[in-house]
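K.L.:
Chains L and R are the protein sequences, given in the same order. To convert, take the position in the first sequence, counting from 1, and add 49; that gives this note's numbering. To convert, take the position in the second sequence, counting from 1, and add 573; that gives this note's numbering.
Everything labelled a hint here was simulated from the structure, so no lab data went into it. Wrong hints could be hidden among the right ones.
To be clear about the criterion: a stretch of chain R counts as covered by chain L if any three or more of its residues have a C-beta under 8 angstroms from a C-beta of chain L, and this derived list gives those stretches [unchecked claim]:
id, stretch
1, 617-627
2, 673-679
One side only, chain L facing chain R, incomplete, derived with CB under 10 angstroms [as the list claims (entries may be wrong)]:
id, residue
3, Trp56
4, Gly65
5, Tyr98
Glycine included, C-beta positions come from ideal geometry on N, C-alpha and C.
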Amino acid sequence: SQTIHQWPATLVQPVGSPLSLECTVEGTSNPNLYWYRQAAGRGLQLLFYSVGIGQISSEVPQNLSASRPQDRQFILSSKKLLLSDSGFYLCAWTSGPWSYNEQFFGPGTRLTVL
Amino acid sequence: EDQVTQSPEALRLQEGESSSLNCSYTVSGLRGLFWYRQDPGKGPEFLFTLYSAGEEKEKERLKATLTKKESFLHITAPKPEDSATYLCAVQAMVLMDSNYQLIWGAGTKLIIKP
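Throw the hints in and build the complete structure from the sequences for me.
P.N.:
Take a look at the structure:
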């Protein structure tokens, strides 16, 4: 069966510090991978998605970036965090390519920028 | 513009009191509609996928239905453990960079009192 991992689970970082969040998927190959951010009481905002190694599409201009160095690994990064980067970050996968199937989510990372 | 609206924002019920959550959508061609359950501090958990008007899916006390403009999540005789936020997402017939995007609603927070 497939599983998706995210770490760390929680993170408190000062403004201006770097960020690296990691997501890995097990039990599938060539998945589509997604990074979302969820603000309190709001829906999910798609940040980045990837349909293959080295292929990244960005939905929202911001100080965040994403990379996919391996088939089942997706990394969210920032060189300098802003207060507005605080939120709940979710990684998701779906079978790809040309997928129209449901997305499955990881446990999330709660990021607080102080 | 493609849009998904969920109502009500919050719903408080007594244990055993049945009700429905609404997800209305406007998209340029529906490819699929998805329901998720999200517990506080966790990633969304997939519940159902509906593809065409008239389709129904059931799981325990939950039943999802779909029309050409909206979907309902019916909860029959709910229990306190059904308390969660329920998210709706719609996939439109628009292919972007080899991926079909999801449009998310803001969710309905359901509270079941014992």
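K.L.:
Under 10 angstroms, Cβ to Cβ, is where Gly65/L needs to be relative to chain R, so tell me if that hint holds or is violated.
P.N.:
Hint on Gly65/L: violated, closest Cβ of chain R at ~27 angstroms, above 10 angstroms.
K.L.:
Does Trp56/L pass the interface hint, meaning its C-beta sits closer than 10 angstroms to a C-beta of chain R?
P.N.:
With a minimum Cβ separation of about 13 angstroms from chain R (threshold 10 angstroms), the hint on Trp56/L is violated.
K.L.:
Can you tell me if the stretch 673-679 of chain R counts as covered by chain L, using C-beta to C-beta distances under 8 angstroms and a minimum of three residues?
P.N.:
Answer holds; 6 residues pass the 8 angstroms Cβ test.
K.L.:
Mind checking, does the stretch 617-627 of chain R have 3 or more residues with a CB under 8 angstroms from chain L?
P.N.:
holds (count 4)
K.L.:
Next item in the hint list is Tyr98/L. Is there a CB on chain R closer than 10 angstroms to its CB?
P.N.:
holds (6 angstroms)
The earlier numbered hints that this structure contradicts are 3, 4.
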